[in-house]
Amino acid sequence: MRTEGVLFPEVWAPLDELYEEVMADSRKELDSHFQAHPELETAMFLQARADAISAERSAIAEAALRGIVSGDTAEHLSSELAYRLAALDLISENYNDGEASH
Amino acid sequence: MTRIVCATKAAQNSRAVHQRAFEIAAETGHDLEFLHVVAVPNFDDLMEPMQEAVRSELHWLVHSLTRISRQRSGHHDIQPTVEVVSGPIAEAILRHIEDEDVQVLVIGGTTDGETSVFKQAGFESFFVEANQANVRVELVG
Numbered sequence: 001m002r003t004e005g006v007l008f009p010e011v012w013a014p015l016d017e018l019y020e021e022v023m024a025d026s027r028k029e030l031d032s033h034f035q036a037h038p039e040l041e042t043a044m045f046l047q048a049r050a051d052a053i054s055a056e057r058s059a060i061a062e063a064a065l066r067g068i069v070s071g072d073t074a075e076h077l078s079s080e081l082a083y084r085l086a087a088l089d090l091i092s093e094n095y096n097d098g099e100a101s102h
Numbered sequence: 001m002t003r004i005v006c007a008t009k010a011a012q013n014s015r016a017v018h019q020r021a022f023e024i025a026a027e028t029g030h031d032l033e034f035l036h037v038v039a040v041p042n043f044d045d046l047m048e049p050m051q052e053a054v055r056s057e058l059h060w061l062v063h064s065l066t067r068i069s070r071q072r073s074g075h076h077d078i079q080p081t082v083e084v085v086s087g088p089i090a091e092a093i094l095r096h097i098e099d100e101d102v103q104v105l106v107i108g109g110t111t112d113g114e115t116s117v118f119k120q121a122g123f124e125s126f127f128v129e130a131n132q133a134n135v136r137v138e139l140v141g
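Chains A and B, in that order, give the protein sequences. Each step along the first sequence adds one to the number in the working numbering, with nothing skipped, and position 38 is 38. Each step along the second sequence adds one to the number in the working numbering, with nothing skipped, and position 84 is 84.
Honestly, I wouldn't trust all of these hints.
To give a feel for the contact side, a few chain B residues facing chain A, derived at Cβ under 8 Å [said to hold, decoys possible]:
no., residue
1, 28
2, 50
3, 53
Distance ranges between label pairs, derived from CB positions [to be verified]:
no., chain 1, residue 1, chain 2, residue 2, range
4, B, 134, A, 18, 53 to 63 Å
5, A, 71, B, 48, 23 to 33 Å
6, B, 139, A, 76, 18 to 28 Å
No lab work stands behind these hints, which were simulated from the structure alone. The structure displayed is predicted, hence computed values, not measured ones. Every residue gets a Cβ at the ideal spot worked out from N, C-alpha and C, and that includes glycine.
Bound-form chain B, shown alone (with noise of 0.2 Å):
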C-alpha cells in the first residue's frame, strides 16, 4: 500500500508538519505513518533493556502527540501508524523510505535556513537520494 511518511521530531514545532501530514493523506486516501528518530544522544551506549524502554516511550509519545494534530486537523477517520527507529538521521530516514512503498516525505522547516530534521547542507543531499527513491518531499513552514 502507498503511503506517506512524515519524519517528526516530536517538538515543539512538529505540530503544523503533522497537520500538514494528515491534509496530504486525507487528499490522496494514502496511508499515513510518523517516522521518528531517536534524538537520545548515546542511544546506543544505553543498555539493551533501556533502549527497548526509549524506544516504547517515544512511541507512546510520537503516538499521543500526532493524535492530538489529528483531532485538531479534524481528519479523524485517518488511523496513522508510528515507527520509532534509531541511527543517524538522514541515513535512517533514507533507510525507511527506501524499504517502504512511499510516495510522499513530509518534513519540517525553519525560518533560519535548516530543516527541522537537519541542517541545510546535509539536506540537499538527502532531498536528491530521496528523489532518487522516487520519493517526492515536501517540505512544511
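Excised from the complex, chain A in its bound form (with noise of 0.2 Å):
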C-alpha cells in the first residue's frame, strides 16, 4: 500500500515503526522459547535442511525433464541428495531426544 501511495509516509511510518516493535517482541519471545527448549530449535533445522535437500531433489528432476541436465547427471545428484536425506533421518534419531551416546 505504502508503494502504491495509498498510505502517505505521515501514516506508514507510524505503523511500520509499531510493526517492527511488535515483531521485535515476537522474536524475542520466540528466541526465549528456543533457549528453553534448545530440541526444538534443532528439530526445525533438521526439518528445515530436509525440506532444502528434498527443493534441490525436485528442482534437478525437474531439470533432467526439460533437458537442462543428463539423465545420468541427473540420478547422480539425486542419489547423493537421497543420501543426505538418510542421513539427516539417522542424525534426527540419535540427536534430537538428547540423547546422544555423548
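Could you use the hints to bring the two separately framed chains together as a complex?
See below:
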C-alpha cells in the first residue's frame, strides 16, 4: 500500500515502526522459548535442512525433464541427495532427543 | 595459531558450553574450533557414501547451532571452524588436541557426575592425558 501511494509517509512510518516493535517482541519471545527448549531448535534445523534437500531433488528432476541436465547426471545428483536425506533421518533419531551417546 | 577447542555433542545442553567457548575465545583472542565426534551407532558399518553424508550433515548442524550460540553470546566477530570426526569419543578428542596447537579444551558437564561427552571414570584418565598434552580442560556446567 505504501509503494502504491495508498498510505502517506505520515501514516505508514509510525505503522511500520509499530509493526517492527511487535515483531521484535515476538522474536524475543521466540528466542526465549528456543533457549528454554533447545531440542525444538535442533528439530527445526533438521526439518528445514530436509526440506531444502527435497526441494533440491525436485529441482534436479525438473531440470532433467526439461533436458537441462542429462539423465545420468540427474540420477547421480539425486542419489547423493538421497544419502543426505537418509543421513538426516539417522541424525534425527540419535540427536534430537538429547540422548546422544556422548 | 593457538586455538581453543570446544568438544560439542550438538545436543540440548550444549548451548551453555558453546557460549563459554565464545567467551574464552573473546578473552584470549585465540581461534575457536568446535569439535564433534559422530554419535551415530555403528557408524563404521555404514557404506562410505552414507558416512560422508552423515559427516557432512553433522557439519551443517554443528555449524548452525554454534552460529546461534555466537549470536546469543554477542561475539559476532569470532569466526569459529567446525570439525567432525569419528571414533571412540575420548580417543578421538585426545588425538585431535594432540595434533593441534590447542591451549584450552572446553567440554560440557552435567549435574549427575558425568561429563557431557563421557562418563566420569573415563574423564579422569582423559583429564590426565589432556594435561600431559599441555591442554587446560575447562568443564562447563
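Hints versus structure:
1. 28: Residue 28 of chain B check fails; min Cβ-Cβ to chain A is 26 Å, beyond 8 Å.
2. 50: Hint holds; residue 50 of chain B Cβ to chain A Cβ min 6 Å, cut 8 Å.
3. 53: The hint holds - residue 53 of chain B has a Cβ within 8 Å of chain A, the shortest such distance being about 4 Å.
4. B:134 - A:18: 53 to 63 Å: Check passed, 57 Å falls within 53 to 63 Å.
5. A:71 - B:48: 23 to 33 Å: holds, 24 Å
6. B:139 - A:76: 18 to 28 Å: This hint is violated: roughly 46 Å between Cβ atoms.
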